[in-house]
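**Q** Residues per chain are reported as follows:
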Amino acid sequence: MKKGISWLAAALLTTALAAPALAEDTIKIGVQGAHSGDLASYGVPSLNAAKLVIEEANAKGGILGKKVELVAQDDQCKPELATNAATKLISDGVAAVMGPICSGPTNAALPMFESAKLISISPTATTPALTLEGKHPYFLRTVAHDNAQAELTSSYIKDVMKAKKVAYLHDNGEYGKGFATQNRNILEKAGIETVLFEAVTPDAVDFSSVVRKLRRAKADVLVFGGYQPTASKLVQQMRRDRVDTPLMGPDGVKDETFLKMTGKDSEGVLASYPKDTSSLEMYKKAREAHVKQFGTEPGFGFYNAYAAMQAILKAIETSGGTDTAKLLEALKSNEVETPLGKLSFNKSGDAAGLGLSVYVVKGGKFVETDHTITLH
Amino acid sequence: MASAPFCPLRPGRTAAHKNGMDVQYFIELFFSGLTRGSIYALIALGYTLVYGIIELINFAHGEIYMLGAFTALLVAGVLGIMGFPAGGILVVAALAAIIWSAAYGFTLEKVAYKPLRGAPRLSPLISAIGMSIFLQNYVLLAQTSEYLPFPRLLPDMEFLDYIDNIMGPSDFLILVCSMLAMVALTLFIRYTKMGKAMRATAQNRKMALLLGINADRIISLTFIVGSALAALGGVLIASHMGQVNFSIGFLAGLKAFTAAVLGGIGSIPGAVVGGLVLGIAESFTTGYISGNYEDALAFALLIFILIFRPDGILGKAKVQKV
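Residue numbers (this note's numbering), protein chains in the order written: chain A, 609 to 984; chain B, 129 to 450.
If you're looking for bench data, these hints aren't it; they were derived computationally from the structure.
Glycine residues also receive a C-beta, built at the ideal position from the N, C-alpha and C atoms.
Do not take every clue at face value.
[To be verified] One side of the interface only, derived from the structure: several residues of chain B facing chain A at Cβ under 8 Å:
#1 Y153
#2 Q271
#3 Y275
#4 D299
#5 I365
[Stated by the list, open to error] Short, incomplete list of chain A residues facing chain B, as computed with Cβ under 7 Å:
#6 R792
#7 D811
#8 R820
#9 K821
#10 P837
#11 R848
#12 E864
#13 L867
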């Protein structure tokens, strides 16, 4: 008798365990990014975005009558973990991937996604080559690549500031040097003189030599390629040495910490950044959902990830399945209403419809100027 | 500084600017190298003191510098909330940083190097690298990976106005403080009993022991003095650059180590000369050639000098014990 009960229990347990596996009729979407580690603050917001979009879709009864399931893989923004994460997503049979979030891991994971013919949409990887070289037909992104920023900033320097002489400093990283080089290429073609182009060491104990060189160069504007910590050191040193050349930076400079670090010295600093879309209905909805669910304001890349997830689900719906070729076709031909505006994807895989604006620090805040470009 | 951060060039100076541009520029670069070099020298002294006594390259020394900057930030934050005046905060924060870092230096030696005193020379070196990584990660986990703003505590120093293109208040303060610290150290080593004991231990530890000098205590003292100097450097640079991060000790430590070797490791005036030469060389490289080569040229200079003077600029040639 005792034996019988335990057999029964075992049988029940087995069916209980097997139940989720049997009800396999879901659409799986992979999410890859830094969900732990020191870069987690860049990755967790996109994971949150995925959760919210999927929850909303499931609340409406799913896509094509199936529930959507989220499969998260943590790569900590490390290329060596990214290949593993990608392999796991592929073997889990996901329909498409939102991510990876950092450019390095994206580069590492793409060959694997390609051999599996899997679409991946990165919300935040901005290295231009990922799409522009045309090597990755199944890769898309919902963020402007770095060269687009240079297009915006150089047109501002040329048309609004009417600068004649420009100095360029960068941190020798791919992102920073790329931004400075792109600006120089465009501005030199327009006949604007380069008076200084060189690298600074971000961790140097002092920037005064390069600032003195900058003063001697008598530039109308300084283009700085790099991130906020280096920019804030540079700006402080410049203002302290009474060099009041305006500084133009990429989106890595437009950051609350930058304002906190530099205080009054930040007045007049310019930076490119995605256009403010916070007045859009979709944006408000996404923000409210995040605040309600997680209790905080959304973090880095949240809206881009939200848009990427919406694009994936919409494409599955319109193409009527998860066939990669049809999905790609749907992604590139249909517009999706997102928190960042109406988006579609162009031939190379970049999002068309994204707006970029120049921001300027006024009264201790970044204020959007009316100098804007829209990508296509 | 707070009064007029955006002051355009004063009218009186423009003429001199045009005529003596190159001399002016040369002097500007020289002083900016001097500022940077005196920080290298402050940190390099710690390397050289320790090496002089126990022939160990204390790779965790750069982290002591970073800890000093962090301590000052925390203390300054608390005092700022309590409403102390800026100048007072700077002094108290610097003292707190010096004491706290000295405590770290003392503990570091007891934990990581003393148990290995009889071991082959490679063991304490690995232990030093381990401590460096440990301390960095400790601050990363206990504090943050973000760059933190360091409050502006430097006084305005109006009298510097007429030379402000050459030297600002923070450059001036860095120069004065590091010079004072170096003079104090020299006096300490030359004229005090403990300084004498340090020199004796450096010359011959066994002999010093036989003469009744407590070598363990002298080694601890060396770590305390070296760490205090590094902490001072940390506070000065943090208030100069306006920010602090767990990783700032790495490059500064490496450069200071280079300076110590350049000047002749084990030699106290050598560390100062090495620091200043390195700082000025870097500044001229950036000013006249390109910032791209700042680090490359610094190390090329090191190699070049070591070819002709293998023991550094002021180092004494001696037979290496292995």
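**Q** Run every hint past the structure and note whether it holds.
**A** The hints, checked one at a time:
Satisfaction of the interface hint for B/Y153 is found here, the shortest Cβ-Cβ separation to chain A being roughly 6 Å, below the 8 Å cut-off. The beta carbon of B/Q271 comes no nearer than 12 Å to any beta carbon in chain A, farther than 8 Å, and the hint placing it at the interface is violated. Below 8 Å, beta-carbon pairs count as interface contacts, and B/Y275 has one with chain A at about 4 Å; its hint therefore holds. The criterion of a C-beta within 8 Å of any C-beta in chain A is met by B/D299, whose closest approach is roughly 7 Å, and the hint holds.
The interface hint given for B/I365 holds, since its Cβ lies 5 Å from the closest Cβ of chain A, which is under the 8 Å cut-off. The interface hint given for A/R792 is broken, as the beta carbon of that residue sits about 14 Å from the closest beta carbon of chain B, more than 7 Å. The beta carbon of A/D811 is positioned within 7 Å of a beta carbon in chain B (closest approach about 4 Å), and the interface hint is therefore held. Look at A/R820: its Cβ gets to within about 5 Å of chain B, closer than 7 Å, so that hint holds up.
Against a cut-off of 7 Å between C-beta atoms, the interface hint on A/K821 holds, since the closest Cβ of chain B lies about 5 Å away. The closest approach between the C-beta of A/P837 and any C-beta of chain B is roughly 4 Å, which is under the 7 Å cut-off, so the hint is satisfied. Annotation: A/R848 was flagged as interfacial toward chain B, and the flag holds, the nearest CB pair being 5 Å apart, inside 7 Å. The interface hint given for A/E864 is violated, since its Cβ lies 11 Å from the closest Cβ of chain B, which is over the 7 Å cut-off.
Because the smallest distance between the Cβ of A/L867 and any Cβ of chain B comes to about 10 Å, over 7 Å, the interface hint for this residue is violated.
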